[in-house]
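A.B. asks: Here's the letter readout for the chains.
There are 2 protein chains.
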Amino acid sequence: MALLERFKEYLIKENLIEKGDSILLAVSGGPDSLAMLDLFCRIKDEYNLNLLVFHLNHMFRQEAFAEALFVKDVAENYGLQVILEEFNVPEYIASHGYSPEEGARKARFYFLQKWASQYKIRKIGLAHNKDDLVETVFLNILRGTGLKGLAGILPLTERDGLLIIHPLLDILRLEIEDYCRKRNLNPRFDRTNEELIYTRNKLRNKIIPELEKEINPGLKGVVYRMALNIREEEAYLNKLASEKYKEALLKRDKEKLILSLEFLAREERVIRRRIVQNAIRELKGNDLDLYAVHYEAIEDLILSSQTGKYITLPEGIELRRSYGELIFTRNSPDLAEEDIIELLEIPGEVVWGDFLLKAEILQQSGKWREERGNKKLCFCDLKKVKGPLTIRKRRAGDSFYPFGLQGSKKVKDFFIDEKIPVTERDKIPLVLDKEGNIIWVAGYRPDGRFKVEGDTEEILRIEIDYMGGD
Amino acid sequence: MALLERFKEYLIKENLIEKGDSILLAVSGGPDSLAMLDLFCRIKDEYNLNLLVFHLNHMFRQEAFAEALFVKDVAENYGLQVILEEFNVPEYIASHGYSPEEGARKARFYFLQKWASQYKIRKIGLAHNKDDLVETVFLNILRGTGLKGLAGILPLTERDGLLIIHPLLDILRLEIEDYCRKRNLNPRFDRTNEELIYTRNKLRNKIIPELEKEINPGLKGVVYRMALNIREEEAYLNKLASEKYKEALLKRDKEKLILSLEFLAREERVIRRRIVQNAIRELKGNDLDLYAVHYEAIEDLILSSQTGKYITLPEGIELRRSYGELIFTRNSPDLAEEDIIELLEIPGEVVWGDFLLKAEILQQSGKWREERGNKKLCFCDLKKVKGPLTIRKRRAGDSFYPFGLQGSKKVKDFFIDEKIPVTERDKIPLVLDKEGNIIWVAGYRPDGRFKVEGDTEEILRIEIDYMGGD
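Residue numbers (my numbering), protein chains in the order written: chain A, 1 to 470; chain B, 1 to 470.
If you are wondering where the hints come from, they were derived from the structure by calculation, not from laboratory data. The hints are all genuine.
Where chains are identical, the list cannot tell them apart; a pair therefore holds if satisfied intra-copy or between any two copies.
In silico EDC-like cross-links for lysine to aspartate or glutamate, where the CA-CA straight-line distance does not exceed 20 Å:
#1 K386 with E360
#2 K434 with D381
#3 K239 with E268
#4 K384 with E345
#5 K202 with E212
#6 K13 with D300
#7 K148 with E268
#8 K256 with E315
#9 K120 with E371
#10 K375 with D417
#11 K244 with E232
#12 K202 with E101
#13 K148 with E232
Because the structure is a prediction, the values reported are computed rather than measured.
One chain only, chain A, in its complex shape:
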């Protein structure tokens, strides 16, 4: 069957599109994403699709700029609108200790989310192929996984209200490259990427070919089928568990979530584990990756008899026993413990905690007034501010001059007045100038001392964006 037909069949079989869909396509310029773009364009009219192309320049190296322009050209040749973003991924991964693959993935998802929300698009198309799926299964096995990881990549996942679709999962890399040749798509191979994703490439270029040669030439096929089966088994167990979760749930609000200990203790571990995952997902908005040690601690906690006993999981999730109840709450884990200070150049951008902060310079004459009132933005008179700026969490004794109030106020009192829970306070970034004056309690209130006035010539615009959720 021709690739176009297989593509359509897969979209239908896995329920990936509906007529009239708007889809934001992530296009790197490599063979996979160009093939995906081309395939979607070929069914655009039939399905009445609204397609938008997104490209992120990861700034791993110089050629990336040319690639961005290439993607722009390609998209425009198809008559599609294109969004180009740049983000200093090498700096981001260096400051966060991520692997290049992980960092690039997080950054990409952040911007995809941002633009999807900007354009009110619910669907994002990613061009992973069958080889990627097989490699992901192996990587997950090699790093430790449960059933979920053995399914590799799912054709459709919901995340923070977005639908992520992977329409090329049953197509081999070779078939895609062949398609690109036949359709004259001239993909750009990002050689940086090739070098940076070290472990995946080790598998891709060395281990898997060796296994195919020595053990089973049909390796990719069997691993793919295994992943399909596992997906079904996992879905079935999840379905059972989410029904049971509803039965186990005693109470739920924004701050906490309570399950019946008696109910949990009665279930089998396989299901109990999934009920707990359900609870965490509800509380947190997305999944939490847990390891065997965590599940063991959760087991001990549930099967213990000690009221008041508690454990803390990654990302500040706390589970506590209390008179027949298992209470889930979420704290700020990392920042509460460490005093992380980041510098923010003007202009420049930096990631602090779960947030991305960005400083830029605007002219007084520009259209900045339209954005006033947006809590995610802060506008100052540039000449009043000495850079670079510093980002840190609150410290004892901090005070500032809240915009709109007379005089100064302790940050602590400000947080109390704003009814910000104690557990949240250490997660809020404060932006300070070189002198150590707070110029913005980011996301909440600017300092009045730096405000824009009639004689302001240049404006410092600072933006904060939530990057969490992965």
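Guided by the hints, dock chain B onto chain A, whose structure is given.
C.D. replies: Chain B only, in chain A's frame:
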């Protein structure tokens, strides 16, 4: 913790022994089996164990004979009884197209089963270690597997009424070798075996070390934990499915088994697949390894609407739709189609179909009379028989002189009188002499022409044993 303590803990945790157990230990003479033997001997008194050592000489090469003697010495030093068997595995695998690993495993299991039944022992101890488990998981993945294969090797499995225990599964090969050194066990490394199990060794000596070096030094640990998790998920799904199987079951007798089609169609595929596996296991006495294509055919059959539609699975299992019923029957698949002829030397042994046939020469003066009446044995006057013997299935026109009857009879009529179902008839081996005379309808009736008489000097004893069930 010392290895002895971990061994005991594992035995207890996985419910592998009880006080007073009799255990048949398979001992090759390599480090794993010597360590297992030594460990069991150290807890023998505490648990009041009755231990019996079994060794199979696979006849892969000359040194194997020395190894058998070594195992005999070791066992006797521990004061244990030892059973030594020899079986020409190279010939067996050549004639059956098995891989060396597969052939050796089948042969080993056959003899273990035979001796366990002889000594009325229900428990068999095999010395696979954690590395073996991890390698098995990889091999299963590389060859295509579902959840069951991802669990690798189970600590306890029931098979044909026997309990197979693997007490060393959470101990690494290195730890076992270290234990052997400390306890001065001086294992014999079977270098043949090392060379013959090609794919496993490729993984063991090349791929896994490479993955440990390049991707995750803790690889074995994570794969082991994954296998433990999967074992639990699989057990849970199997438990659900076996309850549902009972509900789906309409009728069952020795010949066939009937499930409700309506019930099956209502279930989810994950469970439906396991219900079918349950039915096959019931009918066949043990599991049948099915591939994705088989499950797809089963799905199509169940969800079809065509009465009378049927499919045939490996090992002659047939599934047929009939007015709301799914009917499982078992035929003879291979032999019905092919006319396989094997030679049986005197003395000698040969495998034909699912059977092992063995010819030997006894003295008239021996104790052979005690065995008379056993249907698995045939005794002839050696001087009346011209060897080598031939083993084949029935052919049109075959006739013989059934022992105890006057004159000759068609084999066909004999089968009818014996009430042997048509589907079974091609599975019964006939033993013929060089002239083409039937001397034994094996397992049923000898021919009277060759019977032992007063003047018989030497007796030809032929034994038939069922080797199926793997």
